[in-house]
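Numbering (full-length UniProt numbering), first residue to last: 1 to 428.
Simulated from the structure, these hints should not be mistaken for lab results. Incorrect hints may appear among the rest.
[To be verified] Each computed EDC-like pair below joins lysine to aspartate or glutamate, with the alpha-carbon atoms no more than 20 Å apart:
no., residue 1, residue 2
1, K131, E81
2, K9, E92
3, K9, D136
4, K423, E386
5, K131, E92
6, K9, E81
7, K234, D402
8, K328, D402
9, K37, D136
10, K234, D318
11, K27, E107
12, K270, D136
13, K9, D78
14, K9, E118
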Amino acid sequence: MTYQQTVNKIHSFLRFGSRPGLGRITKLLQLLGNPHKGLSCVHVAGTNGKGSVCAMLSSVLKNAGHKTGLFISPYVVDFRERIQINGCMIPETQLCEITAQVLPFVEEMAKQNEIITEFELITTIAFLCFKRQNCDVVVLETGLGGRFDSTNVIQTPLCSVITSIGLDHTAVLGSTMEQIAFEKSGIIKPHGNTVFYPQQQSVNAVIERAVTEQKNTLFYADKVPLSPLESTIKGTILDYNGQRLLLPLIGRHQIKNAKTALQTLQVLQKTGISISASSIADGFSQVFLPARMELLSSRPVVLLDGSHNPDGLSALADVIRTYLPNKKAVCIMGMLRDKDSISSLSHISGLFSTLITLTPQNPRALPAQTLAQEAKTCFPNTIAMEDPAQAIEKALSLAGADGAVVCCGSLYLAAQLRPVLLKTVNRN
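Please put together the full structure from these sequences, using the hints given.
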């Protein structure tokens, strides 16, 4: 198969299995020789922030001289973003080779009515890639939840990390913060180390109970001595025990993520992994996350953010109030229908002169017209559009050279908009 045929084949698999559990992927990995069992993993779960924490960890570990695998989801532009080695995406040829190696076993299982899901397949491909590349450390981000997430087949992670927990994927994970925390806490394994940024007491209690039951050592990330020295829309300069760190990620919420990453790095040092102060500084300065409050232009300000739940939109609202208080701002927004669009809209209410809605390219997309109707109470000036390029031109025209255009609501929408935005702002 060609590269595109391979990606299409992967996407042809079902999103969810007939029943939750690790049985299918465990069997598939057994048929392939259990490639995951020899890997040293840092396992990261959470509703928001896990992508940022994973990016920080992998960047620092790479700079510390360790061959570092990174598994993240979803991707923004290129499918291969999901599987990286030392910051480089898996080569197209290798993705094709490994997929071809896995598919016969998937087909054999299907004959026994054991149907592998898309994410189980991608996770298996990632494990085989990391094994083939002899990675020293693998930073492993969960796809959904934790307890039944495909990545949770790993037995003894170097560290289990739980970032911010909020209400998202409620149809699968539960409708309360406590239920979602329970699902995330499923990555905590016996006699290990857990890093957690404490939140509301009911959530803390769930995590602490899991830590106690699994006889883990718990490290609270809020204890890390990290404070902001200077903050702009281009990033933050931080003080870490007298060391200056440049973090090119936008928003005060990134300080919590940085504390979580630094606490995890301290735990890894205790397990014998060498990480110098200079590798932390270099790693932080090189962190890059596409479509996570990504600044694409300074004049006009163009901000691309994949935030898609109330907590994420709340963090975006804080960034707009902090860094764009006097700018005429226009928002381009699109969401999936299984997200809490009403609550998400309420968090950014009053921050934009105009809201332009689009329909993301996804089967679960909320139609632009529907989102526009929902937004009318928060945004009197709302326009539903269908063409992303026209929406961008309209937003830039309304904002003006000294204004701001903010795109948000879905990583799928961000993937559509990013190449068009880059071409447009570079042209201007």
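Hints versus structure:
The hinted pair formed by K131 and E81 meets the criterion: a straight-line CA distance of about 18 Å does not exceed 20 Å. For a cut-off of 20 Å, the pair hint linking K9 to E92 stands: about 14 Å separates their Cα positions. This hinted pair does not check out: K9 and D136 have alpha carbons roughly 30 Å apart, beyond 20 Å. A threshold of 20 Å between alpha carbons decides the hint, and for K423 with E386 the separation of about 19 Å falls inside it, so the pair holds.
Between K131 and E92 the alpha-carbon distance is near 17 Å, which keeps this suggested pair within the 20 Å criterion. A distance of roughly 17 Å separates the Cα atoms of K9 and E81; the hinted pair therefore holds under the 20 Å criterion. With a CA separation close to 17 Å, the supplied pair K234 and D402 stays within the 20 Å bound. A distance of roughly 8 Å separates the Cα atoms of K328 and D402; the hinted pair therefore holds under the 20 Å criterion.
For the proposed pair K37 and D136, the alpha carbon gap of about 13 Å is at most 20 Å, so the pair holds. Taken as a hint, the K234 and D318 pair is honoured in the structure, with Cα atoms around 15 Å apart against an allowance of 20 Å. A threshold of 20 Å between alpha carbons decides the hint, and for K27 with E107 the separation of about 13 Å falls inside it, so the pair holds. Annotation: proposed proximity of K270 to D136 holds, straight-line Cα distance about 16 Å (limit 20 Å).
Between K9 and D78 the alpha-carbon distance is near 15 Å, which keeps this suggested pair within the 20 Å criterion. The suggested pairing of K9 with E118 holds, with an alpha-carbon distance near 9 Å, which does not exceed 20 Å.
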